[in-house]
Structures are given as structure tokens and as C-alpha cells.
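One line per chain: the protein sequences are B and S, in this order. Using the working numbering, you'd call the opening residue of the first sequence number 1 and step up by one each time. Using the working numbering, you'd call the opening residue of the second sequence number 1001 and step up by one each time.
Read the hints as simulated data drawn from the structure, not as lab findings. For clarity, every value in this text was computed on a predicted model and none was experimentally measured. Some hints could be false.
[Unchecked claim] In the BS3-like style, the derived pairs of lysine-lysine whose C-alpha atoms are separated by at most 30 angstroms in a straight line are:
| # | chain 1 | residue 1 | chain 2 | residue 2 |
| --- | --- | --- | --- | --- |
| 1 | S | Lys1195 | B | Lys32 |
| 2 | B | Lys254 | B | Lys3 |
| 3 | S | Lys1060 | S | Lys1119 |
| 4 | B | Lys177 | B | Lys162 |
| 5 | S | Lys1196 | S | Lys1129 |
| 6 | S | Lys1196 | B | Lys32 |
| 7 | S | Lys1195 | S | Lys1119 |
| 8 | B | Lys121 | B | Lys254 |
| 9 | B | Lys254 | B | Lys177 |
| 10 | B | Lys106 | S | Lys1129 |
| 11 | S | Lys1129 | S | Lys1060 |
| 12 | S | Lys1238 | B | Lys32 |
| 13 | B | Lys240 | S | Lys1016 |
| 14 | B | Lys120 | B | Lys32 |
| 15 | B | Lys177 | S | Lys1119 |
| 16 | B | Lys63 | B | Lys162 |
| 17 | S | Lys1196 | S | Lys1018 |
| 18 | S | Lys1195 | S | Lys1238 |
| 19 | B | Lys254 | B | Lys106 |
| 20 | S | Lys1018 | B | Lys240 |
| 21 | S | Lys1119 | S | Lys1238 |
So you can see what is in the structure, the chains are spelled out below.
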Amino acid sequence: MVKTDVNCFLGNWPFRRLRHNTLHDLQAVHAKNGFSLGYVASLSSIFNNDPIESEEELYDILKGSSYRQIYTVNPTLPALSRNIAEGVERFNIAGVRIYPGYHQFKLDDPCMRELRAVLKKYNLPLYITAKIEDERLNYMITPRTVSCEEMMALTELMQDVKILFTGVMTYEAVQMKEVINSSPNVFVETSYFKGPTGCMEYALSELSADKLLFGSAYAYLCFKSALLQIETASIQEEQKRKVLAENAARFFVK
Amino acid sequence: MIIDMHTHLWETDAEKCKTQIRNVCSQFNVSKVMVSSLNNLYPDEDEIDRLNRLTYGFMKEEPGLVRGYCYLNPRHGNSIPYLRRAIEDWGMSGIKLWVATFCDDPLVNPIIEQAIEYKIPVLIHTFHKAVGQLEFESLGQNAANLAHRYPESKLIMAHIGANCLRELRPVIDCPNVSVDFSGSISRCDDVEYAKKLLGSHRIVFGSDMPSGLSFLVSYGQILEAELTDEERDDILYKNTLKLFERS
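Same shape as in the complex, but just chain S (with noise of 0.2 angstroms):
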């Protein structure tokens, strides 16, 4: 079985990023695919609004392959109340933050209490860029931060950081974040360095699938390591499981 946690609709091209999950899912066998929708960096509400309806109208559309996270700007001031209509009413399972804010930022905490409240993951977007790195995107250490003020958070640090060798030791000490390896840039070790510093039992399968990279990436990446088959089976769904089993 594998489980795709890490994919995304994007607004602008929202129906050919459906086909194309519809076309990997059907092609490699995958089970389920977490799907968040995204387009500005710094959203306002009703992108926000429009973004997570996008997302729930395809779990709507293929209610057996896919589930939601709702996607949250933690600037905006109705970030609480719209969580609560996205999980209770939309059964969306786990939450999405992407560059508006560090997820540090104490703008982040009621999020992430409700999150707690909910027992449902949240979905961090972490990559260290020796050029271009956004004002607001965050790194371990901020993951690091997030996850020993609230230790019983489940905290999802996606891409490994992207540079895994400089955004890992930041999170070792926290048993309570898990990292997924999408958009990893497909170099050859990765995963193991992964499974040495954390454990197979704190990675993911994610491929931020259908732009940016192809899902073969991650997929390639998680065939060639060496792992045992149980450690293998745990990376590419017991693991994603595990952390949204609340849903």
C-alpha cells in the first residue's frame, strides 16, 4: 500500500493537477493522497476560503482516494473558526502551513492547540535555500521550536528541510515531528541519512506531486533504500496511518 501525504492542487491549474493525481494513483497503486490547495504565498481570507474549498470539492469528487488538509494563513483572525468548519463539517484531517509565518510564530499557537484538541497533524513546510529563501519559510529549527512548546503536537516537517543535512539534528530530541522527504531533489541518500538521525518510524512518503518534482522522485528514492521491508511498508503508509488516525 502507499499513502501520498504530501500533494497539491494549485489554483491556477487545479484540473490538470487532478488528472495527473487521478493518472499517478491509478498507475503506481496509491491508496490515498493528502491534498492541499495552493497559490500566493501570503493569501488573504478569501484565497484561503476559495483554496480550501478547492481541496474539498475533490474529496468530494473521489471521496475514496482523497483527504484534506485545510490550508491556514495564521495572520488572519478567522483562523480558529474556519479550522473548526474545515474539520468538523468537511472532515478534512490534518492541517497545512505553508511561508505566511514561521511556524514559530506565536500567531502559530492556537492553531496549533486546536490541533491537539483535534488529534490531527499539521503539515509544516520546511526548506532551508542557500539562495532564494523566503522571508517567512521555515527550518528545523523552527519546527524545533514549535514542537518542544507543544510536545504533544503531531508535526509533519516536509521536505526534510530540503538541505536534510543542515535541518534534521534540529529536530532529533523531538519524538513528536515527523519529516517527509517530497521535493528532496532525489539525492541518493537521503532517506537513510533520514532513517540514521530519526528512525523509519518518523518518515513519511510524501512526493508534492503533480509540479515542482514528479512523484517518481520520492518514489525512486524510497525503492532504492536500503531498508527492510517492514521499515519500507512503515515509510510508505503505517507511519501516515498512524498520525492521522483520528480520520
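Bound-form chain B, shown alone (with noise of 0.2 angstroms):
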């Protein structure tokens, strides 16, 4: 079994100091854990204004090691599609991530009709990232609230892209359940199931196993707290199997 980390940033963070976000840092908490591969973006690139900058930062950092690069581009900036088609050529990137929080468009955005068409072209799966900071938490600037409804939305505009959701909360996950459950192209990650006691619990008796992705949002949040969410929930063996580690190699295969 392959533990696998769908949701890792490494780079910078505006609003604070990060104390652990090299990549000797992402390795060490990983390998202390057991996991093996592990799928990053930049935080530097929400905030540059050429996100190719911090792109070309990231890949050099990866480079050689068995992390996957996924590339953040804020879809309202123009050349879009020239933008991911060099990310693919470039960095060989394993797929897309969106902030439209930080971006400040919405999911129904004539831009992501654009963006579907490229996803489709390279078979790039797409993060659409709901949050990284809790809201009472932020600093100098407030991201637009990404809302379910706009989420479960995009899911009809994006039917031939596989669409991860990340930093949802657990109950922002069981409102869209039917969507998830129904959708064989929409999945979850986990960094954001942080309560109440036995959300993880909660949350794989409204979702299916299958659909549940592990993501820590390290070096951003606790990766250990997002850990012990599975590992020592009160479920399946197998549920923890496919969430650590079979439903990620599932997504990510070509």
C-alpha cells in the first residue's frame, strides 16, 4: 500500500511564517508516518501574480524526488490555456488547482469553460479549493466563501474532468453527498474533517469510501492531525486503505 498525500503545499505563506515547508520537511513527516508519495503545490503561487514564477521554483524543488506537482493557475488571468499546455510540457504537472477564493471569481466564471476544455485535453484532474484558512483566522485580506452550491454546480459544466474538492469542511462534504456519491469524476480530500469527535466516522457513513482522498494541507495545517482522523477512527480496514492510499492511485491514473 501506497500512502498517499494529495494535498501538500510547500512555498510561502504571505500572512505568516511557516517553520516546515522545505522539502526535507515534507519528506521527514512523511516518511516518519509511512507514506511514501505525495502530491504539492505552491503557496507562493495563489499570491504571484505570475504564478509560472513560483511553478518553475516548485518543479526545481521536486525535481528528482517522487512528489507530483500540482499546478496552481488563477483562470481569470489571460493566456489560460498556453499557461497549463507549458505547465504540462514544462513540469510535467499531475494536475490543476484552483483558488477562487483568493481569486475572487465564481465557479460558473465564463473562464471555466476554458479551463474544462484544457483539463480535457491533457486528462488533468482539477483541485477546487475551498479553503486554506479558517475564515476567522485571515489576515489583511477576505477570500470570497466558496459555497456547496457553486461547488456541486461546477459539477455539471465539468462532467468529463475529475474534480477533487479540497478544504471543505465534514459537513460541507456531507451536504454534498448526493453530487459526491453520484458523480463517478467528483472525489474529496480529508485536511479540513477536523471535528467533532468522529467526524471521520461521520462522514464514511453519508460518503463513500470510495470517493474520500487522504490530504493534510501540511505544511499549511497538522499533518498528524489529519492522520489520526483515519487512523484511529472506528472503521474499516479496508475504508482506511482506499482513503490512505487505493483511491489516489485511482484518481491520478492516466
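Now that you have both chains on their own, put them together as the hints suggest.
Listed below in C-alpha cells is the structure:
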């Protein structure tokens, strides 16, 4: 079983110092907990007006490791298709990630149609980030709230693209359960499944174990807190294997 | 050993809370929990009495596991005689203040003076919110004001103020203020940041379970933080034992 963290970050966060944001830190926390594979996005790319500058840095950091690059785009910037093609060709990206909260666009924005076409062309999955920071802890900027309704509506448009909802709370994932359970291309990761007590058991009573992928949001959030939610949950071992490893392998297969 | 010094019974779901606390303690070898009972933000005297009796009932059900905080609304005229009964007759171990007043409101003074006399700690909800701040929700500066006013008091600033980057600096020079990191949304290095500013001897382990965030959030943070074994033990139980040494 290759335990896989589908939601890792490197790079910098503009509002606080991250103490463990090197590849060495990530590899160390993964190795300590039995993980050997991670899909990594750049926090710096969210705030860089030319995200490819930060993506180049991320590529250089990950080069030669077992980690794969998830490519951040702001689809409201010009040259979207060209930029993703560059990511495919230069960085061998494993997926594309968007931040509608930070980049202030709605998921029914016309740019999403172009995004869909290019994702389909390259057979790339799409990470949709509901949040990184708890909204109560925001500093200086207030990301737009990304609602479950608009995320669910996007799945109508993107029926031929694999979608991973990230940064959703347990109750939000459950709120979207009909779409998640019934759409073969829609999945959710677990980094924001933080509560209440028994939240993983609750999530798996409502959501198919085939649809949850383990993510930590490390180095922004605590890795161990995320992992304990699954490792210590009163769920079947088969469900744990799916969430920690098998679903990610299926999600990223070309 | 683990002592979870920040847990709750929510009145509307108290039996479920008890079961969840018992299960967590059993699964993770938590030796003691410090419990307060809560419901409405601005409770009247009857509600305060109901909530504290709920805590007291849990103490009696689980005498080896549960210690109680006496929850008070400082606006109530009966707070001091009520506190005396809770401490002297029911054997409660500390005081819980939530959001009925700022913790440095003069209404709180008699409560702190009584806490000093009893040598018991006061757990103060402190929580900065970028959105949704409550009218009387205390911040680090409120805790610092109270700590300077009563340097002999033992204050615990709950949740490391939520946004520890903003709320911890006001209490750096208040050695009588400890912090718990319950409900701190599991940001990767909050414990290490708190240690840098305050020292590990001023951090205590609390989870805020069972509602809100799960026990595993705080537990994961303490397991992952870069600490010596001695520092981890200090945070997991030794610092709490010192704060509650009267009990």
C-alpha cells in the first residue's frame, strides 16, 4: 500500500512564517508516518501575479523526488490554455489547482469553460480549493466564500474532468454527498475534516469510501492531526486503505 | 500521562458528550479531563446553576476521571456565594469564564480575588475572529490587563486566542498567564510559535472536545511539534498539575 498525501504545500504564506515548508520537512513528516508519495502545490503561486514564476521554483524543488506537482492557475488571468500547456510540457504536472476564494471568481465564470477544455485535452484532474485558512483567522485579505452550491453546480459543467474538492469541512462534504457519491468523476480530500469528535466515522456513514482521498494541507496545517482522524477512526481497514492509498492511485491514473 | 484541561458538556447534548469524552479518554489514555458545561452565550442564574450541576453530576459519575470548572457569568450578583459552594461543597477545581463579559471587566474582579484566595486557576475563553467577533469576547489584551491587575492570579488563556500571531504578544510579560491551544484549527506550528514566545512551561494541553474540533486536532499538534520529551510531558500534564495543585 502506497500511502499518499494528495494535498501538500510548499512555498511561502504571506501572512505568517511557516516553520516546516521545505521538501526535506515534508519528506521527513511523511517518512515518519509511513507515506512515500505526495502531490504538492505552491502556496506562493496563489499570491504571485505570474504564478508560473513560483511553479518554476516548485518544479526545481521537486525534481528528482517521488513527489508530483499540482499546478496553480488563476483562470481569470490571460493565456490560461497556453499556461497550462507550458505546465504540462515543462513541469510534467499531475493536476491543476484553482483558488476561487483568493482569486475572487465564481465557479460559473466563463473562464471555467476554457479551463474545462484544456483539462480535458491533457486529461488533468482539477483541485477546487474551498479554503486554506479558517475564515476567522484571515489577516489583511478576505477570500470569497466558496459555497457548496457553486461547487456542486460546477460538476455539471465538468462532467468529463476529474474533480477533487479540497479544504471542505466534514459537514460541507456531507452536504454535497449526493453529487460526490453519484458522480464518478468527483472526489473530496480530508484535510479539513477536523471535527466534531467522530467526524471521520460520520463522513464515511454518508460518503462512499471510494470518494475520500487523504490530504493533510501540510505545511500549512498539522499532518498528524489529519492522519489521526483516519488511523484512529472506528472504520473498516478496507476503508482506511482506500482513503490513505488506493483512491489516490485511481484518481491519478491517466 | 495526558490531562485534557479544556473539555465541555453541551447542555443540549450532554449524555452524548459524556459518552464521547469517556470513549476518547479510554482510547487515548487520557487520565483526567477538566470539564465545564455550556449552552447559551449569556446565561441567566438558573442556567448557570443547571450547567454547573451538570458538571457536578459528571464529576460524581466519573470521580477518577472528571474535574470540574465552576462556570460563572460575572454579571450575576450571586457569583461569589455560588462559587464558594461549587469549590467548597462540590469540590470543583477551577473557574470558567466565557463570553458574558470581557475578562478584564471590573465585574470580574471579585471572582478573581476569590480564585486567588482558593489558589485555583481561571480558564478564560479568548478568541480573535476576523469575522463574527462576539460583543464581549475576550482577546489577549483583555487577559493581559487582568493579569497585570492581579499578578498573583492563575489565568489560562484558552485557544491561544485563536489567532496566536495576534493574541499571544500581549501576554508575553504576564508570567501568571498560561495558554491552551484547543480549537486552534491545527495550524502546523502554533505550538512551536507559542513555545517561542511564552516557553513550554506556560502551555497546557486542552482539546475543547467533544463538539467543535475533535480531540485529535490538539493531540496531533502536540505529537508533531518539535519539542523535547520533557517539554511534551510538561504540556501534556505537568503544567496542568502545577496550575491545579490545590486540587
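Hint check:
no.	hint	in the structure
1	Lys1195(S) - Lys32(B)	holds, 23 angstroms
2	Lys254(B) - Lys3(B)	holds, 19 angstroms
3	Lys1060(S) - Lys1119(S)	holds, 23 angstroms
4	Lys177(B) - Lys162(B)	holds, 16 angstroms
5	Lys1196(S) - Lys1129(S)	holds, 23 angstroms
6	Lys1196(S) - Lys32(B)	holds, 24 angstroms
7	Lys1195(S) - Lys1119(S)	holds, 25 angstroms
8	Lys121(B) - Lys254(B)	holds, 12 angstroms
9	Lys254(B) - Lys177(B)	holds, 25 angstroms
10	Lys106(B) - Lys1129(S)	holds, 25 angstroms
11	Lys1129(S) - Lys1060(S)	violated, 36 angstroms
12	Lys1238(S) - Lys32(B)	holds, 27 angstroms
13	Lys240(B) - Lys1016(S)	holds, 25 angstroms
14	Lys120(B) - Lys32(B)	violated, 37 angstroms
15	Lys177(B) - Lys1119(S)	violated, 51 angstroms
16	Lys63(B) - Lys162(B)	holds, 25 angstroms
17	Lys1196(S) - Lys1018(S)	violated, 35 angstroms
18	Lys1195(S) - Lys1238(S)	holds, 15 angstroms
19	Lys254(B) - Lys106(B)	holds, 28 angstroms
20	Lys1018(S) - Lys240(B)	holds, 27 angstroms
21	Lys1119(S) - Lys1238(S)	holds, 17 angstroms
Hint compliance for this structure: hints 11, 14, 15, 17 are not met, and every other hint is.
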